[in-house]
Amino acid sequence: MRKLLQGGVLLLVMLLVGCAASPKVKAPTRAGGGGYAIAVLSDRGVTPELDPDRANQYNQVGAWMEQDLLRMLGKAGYQARLIGSRGEFSGADGEYLLSVRIVTYRSGSKAARIIVGFGAGATSLDTHYELYGAGPQPLLAEDHGVGSSIDWYQVVQKLNQQMVDAVSRKLAETGGRG
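Count the sequence shown with the numbering used here and you get residues 8 to 185, in order.
The hints are simulated quantities; they were obtained by calculation from the structure and are not laboratory data.
In this text the structure is predicted, and so the values were computed from the model without any measurement.
One thing to keep in mind: the hints can contain errors.
[Stated by the list, open to error] Simulated pairs of lysine-lysine, DSS-like, Cα-Cα distance not exceeding 25 Å: (1) 82 / 165; (2) 165 / 177; (3) 177 / 31; (4) 82 / 31; (5) 82 / 33; (6) 177 / 82; (7) 177 / 33; (8) 165 / 31; (9) 165 / 33.
Please build the complete structure, drawing on both the sequences and the hints.
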């Protein structure tokens, strides 16, 4: 009985450690102190070729993604704001533009995820993002995609976290020069 109890406790500890959130990369600080500002420009990927239902899905995912990205950037230590056009970005010292575009979104089937499992009915989201400083060339340009049997908002959160981590690593690497 004692070995069974010890095994159960060990299994519980392993599960808790295995499910712990991955470490997040914090925003670097500027040489003179203070933080960086990030202006987020979002393209929800809605094109005339999308039927109205798909366009609605893209808009729903895009709106949620924008707010979640602003929240994550703030939590990482950035002063983040959403802008409607590139003209709203000044490129002042310590300010960066993060341009994010939804390339493809597939909502999948929640019923298939629940009933079949093992990746059936998976949700997938592909994005392209670029980080700009004062210059015209991007400091960082990447394509990311996540496909999973988790709910759509968790796919968005995973992509947003990858984006915030990549931006933080790039700014730490360059010392905020750009």
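Against the structure, the hints come out as follows:
Distance check on the hinted pair: residue 82 and residue 165 sit about 15 Å apart at the alpha-carbon level, within 25 Å; holds. Simply put, residue 165 and residue 177 have alpha-carbon atoms about 18 Å apart, close enough for the 25 Å limit, and the pair holds. Between the alpha carbons of residue 177 and residue 31 the distance comes to roughly 14 Å, so the proposed pair stays at or under 25 Å and holds. For the proposed pair residue 82 and residue 31, the alpha carbon gap of about 10 Å is at most 25 Å, so the pair holds.
Distance hint between residue 82 and residue 33 is fulfilled; the C-alpha atoms sit about 8 Å from each other, no more than 25 Å. Between residue 177 and residue 82, the direct Cα distance comes to roughly 17 Å. Compliance with the 25 Å bound is thereby established for this hinted pair. In summary, the hint linking residue 177 to residue 33 is supported, as the alpha carbons are separated by about 12 Å, within the 25 Å threshold. Distance hint between residue 165 and residue 31 is fulfilled; the C-alpha atoms sit about 11 Å from each other, no more than 25 Å.
Our distance criterion of 25 Å between C-alpha atoms is met by residue 165 and residue 33, whose separation comes to about 16 Å.
Every hint from the earlier list agrees with this structure, and none is contradicted.
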